[in-house]
Amino acid sequence: MQKKLNLTEFNSDTLALVRQIIKRYPEGRQKSALLPVLHIAQAENNGWLSAETMDYVASLLDLQPIEVYEVASFYSMFNLQAVGNCVIEVCQTGPCWLNGAEELLAHFEKRLGIKPGETTPDGRFTLKTVECLAACGNAPVIQVGTEYHENLTPQKADVLLDKWQEENKISHTNPYLL
Amino acid sequence: MATQILLNNIDVPGLANFEVYRQLGGYSSVVKTLKNLTPDQVTGEVTKSGLRGRGGAGFPAGMKWGFIDKKSEKPRYFVCNFDESEPGTFKDRYIGQRNPHQLIEGMILGAYALGAGSAYIYVRGELFYVLRIIEKAIEEAYKQGFLGQNILGSGYSLDLYCQPGAGAYICGEETALLESLEGKRGNPRIKPPFPALVGLYGCPTVVNNVETIAALPWILNNGGEAYAAIGVENSKGTKLISACGHIKKPGVYEIELGLPVEEFIYSDEYCGGIRNGHKLKAVVAGGSSVPILPASLILKTAAGEPRLMSYESLSEGGFQSGTMLGSGGFIVMDETTCIVKNLLTFARFYHHESCGQCSPCREGTSWMEKILHRIENGQGTMKDIDLLVSVSKHIEGNTICPLGDAAAWPVASAIRHFREEFEEHVKLQKCPF
Amino acid sequence: MPLLKVTIDTIEVEVEAGTTIMNAARQIGGSVVPPAMCYYSKLEGSGGKCRTCLVKVSRSSSKDIRPLPKLVAACRTAVQDGMVVQNTTSPEVMESRQAITEFLLLNHPLDCPVCDQAGECHLQDLSYEHGLEDTNTVEERRTFEPVDIGDYIKLHMNRCILCYRCVMVADQLTDKRVHGVLGRGDHSEIGTHISKAIDNDFSGNMIDVCPVGALTDKTFRFKSRVWFTKPLDAHRECPTCSGKTAIWMKGSEILRVTGRKDKYGELEEYICNDCRFHHKDASDWIIEGPRAIERHSVISQNHYEKLKTPGTTEPEF
Numbered sequence: 001m002q003k004k005l006n007l008t009e010f011n012s013d014t015l016a017l018v019r020q021i022i023k024r025y026p027e028g029r030q031k032s033a034l035l036p037v038l039h040i041a042q043a044e045n046n047g048w049l050s051a052e053t054m055d056y057v058a059s060l061l062d063l064q065p066i067e068v069y070e071v072a073s074f075y076s077m078f079n080l081q082a083v084g085n086c087v088i089e090v091c092q093t094g095p096c097w098l099n100g101a102e103e104l105l106a107h108f109e110k111r112l113g114i115k116p117g118e119t120t121p122d123g124r125f126t127l128k129t130v131e132c133l134a135a136c137g138n139a140p141v142i143q144v145g146t147e148y149h150e151n152l153t154p155q156k157a158d159v160l161l162d163k164w165q166e167e168n169k170i171s172h173t174n175p176y177l178l
Numbered sequence: 001m002a003t004q005i006l007l008n009n010i011d012v013p014g015l016a017n018f019e020v021y022r023q024l025g026g027y028s029s030v031v032k033t034l035k036n037l038t039p040d041q042v043t044g045e046v047t048k049s050g051l052r053g054r055g056g057a058g059f060p061a062g063m064k065w066g067f068i069d070k071k072s073e074k075p076r077y078f079v080c081n082f083d084e085s086e087p088g089t090f091k092d093r094y095i096g097q098r099n100p101h102q103l104i105e106g107m108i109l110g111a112y113a114l115g116a117g118s119a120y121i122y123v124r125g126e127l128f129y130v131l132r133i134i135e136k137a138i139e140e141a142y143k144q145g146f147l148g149q150n151i152l153g154s155g156y157s158l159d160l161y162c163q164p165g166a167g168a169y170i171c172g173e174e175t176a177l178l179e180s181l182e183g184k185r186g187n188p189r190i191k192p193p194f195p196a197l198v199g200l201y202g203c204p205t206v207v208n209n210v211e212t213i214a215a216l217p218w219i220l221n222n223g224g225e226a227y228a229a230i231g232v233e234n235s236k237g238t239k240l241i242s243a244c245g246h247i248k249k250p251g252v253y254e255i256e257l258g259l260p261v262e263e264f265i266y267s268d269e270y271c272g273g274i275r276n277g278h279k280l281k282a283v284v285a286g287g288s289s290v291p292i293l294p295a296s297l298i299l300k301t302a303a304g305e306p307r308l309m310s311y312e313s314l315s316e317g318g319f320q321s322g323t324m325l326g327s328g329g330f331i332v333m334d335e336t337t338c339i340v341k342n343l344l345t346f347a348r349f350y351h352h353e354s355c356g357q358c359s360p361c362r363e364g365t366s367w368m369e370k371i372l373h374r375i376e377n378g379q380g381t382m383k384d385i386d387l388l389v390s391v392s393k394h395i396e397g398n399t400i401c402p403l404g405d406a407a408a409w410p411v412a413s414a415i416r417h418f419r420e421e422f423e424e425h426v427k428l429q430k431c432p433f
Numbered sequence: 001m002p003l004l005k006v007t008i009d010t011i012e013v014e015v016e017a018g019t020t021i022m023n024a025a026r027q028i029g030g031s032v033v034p035p036a037m038c039y040y041s042k043l044e045g046s047g048g049k050c051r052t053c054l055v056k057v058s059r060s061s062s063k064d065i066r067p068l069p070k071l072v073a074a075c076r077t078a079v080q081d082g083m084v085v086q087n088t089t090s091p092e093v094m095e096s097r098q099a100i101t102e103f104l105l106l107n108h109p110l111d112c113p114v115c116d117q118a119g120e121c122h123l124q125d126l127s128y129e130h131g132l133e134d135t136n137t138v139e140e141r142r143t144f145e146p147v148d149i150g151d152y153i154k155l156h157m158n159r160c161i162l163c164y165r166c167v168m169v170a171d172q173l174t175d176k177r178v179h180g181v182l183g184r185g186d187h188s189e190i191g192t193h194i195s196k197a198i199d200n201d202f203s204g205n206m207i208d209v210c211p212v213g214a215l216t217d218k219t220f221r222f223k224s225r226v227w228f229t230k231p232l233d234a235h236r237e238c239p240t241c242s243g244k245t246a247i248w249m250k251g252s253e254i255l256r257v258t259g260r261k262d263k264y265g266e267l268e269e270y271i272c273n274d275c276r277f278h279h280k281d282a283s284d285w286i287i288e289g290p291r292a293i294e295r296h297s298v299i300s301q302n303h304y305e306k307l308k309t310p311g312t313t314e315p316e317f
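Protein chains in written order, with the working numbering: chain A, 1 to 178; chain B, 1 to 433; chain C, 1 to 317.
If you're looking for bench data, these hints aren't it; they were derived computationally from the structure. Computed from a prediction, not measured in an experiment: that's the story for all the values here. Ideal Cβ placement from N, Cα and C applies to all residues, glycine included. Please note: incorrect hints may appear among the correct ones.
Said to hold, decoys possible - Here are some, though not all, of the chain B residues that point toward chain A, as calculated from beta-carbon distances under 7 Å:
hint : residue
1    : Pro13
2    : Asn17
3    : Glu19
4    : Gly125
5    : Glu126
6    : Tyr129
7    : Tyr156
8    : Ala166
9    : Gly183
10   : Asn234
11   : Lys249
12   : Gly251
13   : Ser288
14   : Ile331
To be verified - In the DSS-like style, the derived pairs of lysine-lysine whose C-alpha atoms are separated by at most 30 Å in a straight line are:
hint : chain 1 : residue 1 : chain 2 : residue 2
15   : B       : Lys74     : B       : Lys143
16   : A       : Lys156    : A       : Lys115
17   : C       : Lys63     : C       : Lys154
18   : B       : Lys71     : B       : Lys191
19   : B       : Lys383    : B       : Lys430
20   : B       : Lys184    : C       : Lys70
21   : B       : Lys393    : C       : Lys70
22   : C       : Lys250    : C       : Lys230
23   : B       : Lys341    : A       : Lys31
24   : A       : Lys31     : B       : Lys143
25   : A       : Lys31     : B       : Lys191
26   : A       : Lys31     : C       : Lys196
27   : C       : Lys63     : B       : Lys70
28   : B       : Lys370    : B       : Lys341
29   : A       : Lys128    : B       : Lys430
30   : C       : Lys42     : C       : Lys244
31   : A       : Lys156    : B       : Lys279
Start from the sequences and build out the full structure, keeping to the hints where you can.
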């Protein structure tokens with residue numbers, strides 16, 4: 001299992017990025033940077049936001065910690081519990097369901113031996129269900145980090161899983177470095 | 001072939017690069033507008049075009065711009081709503097990822113018309129890779145002098161930024177989007193005041209959908225009248241329809257408003273008909289929020305007229321026998337589809353996405369999902385069906401923002417048109433599909 | 001500025017520009033006043049959330065005689081001159097109010113018999129007046145364990161209706177708020193995320209603004225039903241607040257201290273925690289006299305104003 005991180009300081013490159021983001025908003029409106037900075041913090045903290053990490057973000061943006069908790073707990077992309085290296089998010093809304101999302105999800109559950117919301121004992125994979133990813137024309141769809149994988153079948157999922165297994169896929173990367 | 005305004009060059013390789021886009025005539029509307037037109041003239045052209053908000057509500061864009069508080073001494077903001085999250089809708093992603101400069105060009109025109117010095121494109125967090133494509137295009141536009149100080153020597157300056165969401169459908173509601181852009185929870189604001197008076201940071205603000213903004217360069221290049229010459233009634237111009245479900249050719253299509261629904265579903269130019277030799281059962285024509293219609297009512301109105309892809313024709317018959325154009329998310333279902341199960345996935349969606357601020361939506365969306373879950377799994381009663389109707393009725397119109405209506409309409413319409421299927425679930429004590 | 005005329009349930013009243021329908025109705029008083037579970041006139045930005053005050057505007061103004069297409073929140077809608085509003089005279093309003101009461105009760109435990117708020121609970125009042133006799137729901141309610149937030153306040157999240165008042169009062173009284181609304185939708189809850197004590201001289205006011213029994217005074221928990229206590233206006237010299245409070249006595253004992261509330265349950269003034277939690281001795285207070293309680297309130301059942309002087313009453317059997 002991957003070590004649980006408690007990131008409480010960004011490196012200088014990341015800090016420079018954060019400062020650049022804060023400049024996008026008028027003076028005194030640095031709270032606007034909260035969502036972008038939480039994305040970065042989560043990526044650098046192994047894919048989740050610990051209380052300590054959020055407290056650090058609060059201090060960077062001159063906010064009360066509760067303001068960060070309130071926001072982080074509102075948005076579904078922020079994980080407030082530790083996750084595996086590779087988080088697989090399976091869309092289950094109408095259009096994906098019409099195109100076999102249930103079978104696809106069942107396949108992931110079987111292959112990984114876990115239910116949605118769980119992480120494999122080796123800490124490699126976390127399975128999540130999500131709502132509409134806005135790629136309904138290529139359903140069913142999954143998201144892994146910043147990647148979309150579309151028109152999936154259980155067979156295609158196997159190919160992806162084998163690849164991720166082999167390369168020890170890490171899905172959380174700083175999205176601004178894309 | 002219908003006029004292509006938005007997808008004209010969508011398949012050109014490298015379109016996301018400035019040079020390629022510029023060579024195809026990109027940014028010429030900015031050159032022309034900043035040189036020849038006053039901001040009010042730009043608004044005038046957009047009003048003349050009859051362009052309506054493409055995010056789903058269909059509010060006339062020119063009129064929305066006209067509401068902006070020009071007396072206020074506060075800065076004004078122009079914001080692009082790229083929080084595309086309505087199930088069945090995937091048109092904005094197509095523009096953003098393939099043709100980001102068209103969106104940027106439209107942003108410059110809109111911001112100029114409104115007198116905004118800063119503009120933001122709010123992109124749903126899941127589409128971060130699209131956000132990065134747009135950010136790179138923005139960088140190019142700055143380098144080429146189309147953004148930043150004194151654009152093309154016109155004296156007009158504009159800064160444009162992308163802002164990520166982080167997983168919340170509700171942020172597609174414009175005031176929730178503004179809250180989110182301020183770094184807060186995406187709770188919709190209580191209106192009035194509307195954003196045109198009190199928007200981002202309390203300043204006058206206009207929020208428009210990606211597709212609306214992407215249509216602006218063509219309108220300014222060709223004139224509002226040319227745009228208004230396309231389409232029918234008050235459905236002017238072209239519309240992106242994202243088609244999905246049990247069709248042969250799912251994808252994003254640009255249609256001239258007024259195209260017959262039958263042609264859209266069956267012609268090879270568009271959906272190509274129902275796949276696997278199946279028959280059409282039902283369509284959700286404008287994103288998951290609009291009423292579902294059975295095959296008979298989507299192809300023809302209750303009066304027997306052919307149904308057209310237009311704001312007016314799709315809503316012909318009201319909610320009794322009509323629906324809405326909405327966002328253009330066109331979900332097609334064949335006869336193998338369980339309407340109850342499909343509805344359950346929608347109900348789960350709205351439950352998941354309710355912000356929880358007002359009680360009818362917070363409690364009602366969760367309740368509807370639970371009742372539907374019961375019916376789908378064979379534990380429902382006939383009384384449950386009526387209860388669902390009553391819960392949906394009591395959410396509708398009673399909430400702070402339209403998410404309540406959006407959750408209620410699919411439930412009410414599915415029972416209105418497919419009641420026997422719900423009853424069958426109850427009688428058989430299981431899903432018949 | 002000329003006054004604006006507004007008619008609510010056939011009663012006309014003149015109000016200042018900017019007045020909401022709710023406050024115009026409060027100027028009239030009585031049954032035309034819509035219930036308010038989240039609105040609190042002293043809390044900036046409150047209201048609009050619970051939807052219990054939805055009313056029908058059957059005429060927008062003297063200039064625009066059209067009705068508004070949807071019911072509107074009385075607490076967040078400004079009156080226009082010539083506006084005609086229907087509250088209890090509109091069957092549509094009464095139906096939606098009943099439905100909203102049902103929504104609010106959907107996840108609210110029916111634990112009034114063991115809830116300290118019983119007798120002064122706004123949700124209890126609302127359900128007596130607008131609730132269904134029967135229930136439509138067979139669903140399980142969401143449940144939480146009660147937690148201490150701070151030394152003197154118990155949070156019973158099961159009972160919370162997410163009115164946001166306690167968050168707003170904290171925002172108003174401190175710039176270092178530590179609790180807030182966490183989560184989304186029906187998973188939202190009031191909390192501190194990591195257990196943190198709410199440590200602020202005025203935190204006890206959260207209890208007073210809570211319309212239900214979600215936030216209760218730990219120094220009063222399970223001591224007595226409120227209707228067995230007698231409220232008195234009292235004050236003391238206090239360096240932190242005005243010291244003007246209501247003390248709730250049983251015999252010679254002070255069971256609790258609260259702020260003074262008006263007939264809409266709103267505090268006249270915020271009081272400090274020292275007055276509220278640490279002065280339970282009658283000698284701490286200068287008693288001004290009995291506190292007026294609305295006659296319909298269950299609290300008045302045991303109020304000495306009802307007692308008649310000996311000699312003038314018939315003996316009771």
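Mind listing which of the numbered hints don't hold for this structure, in increasing order?
1, 2, 3, 7, 10, 11, 17 and 23
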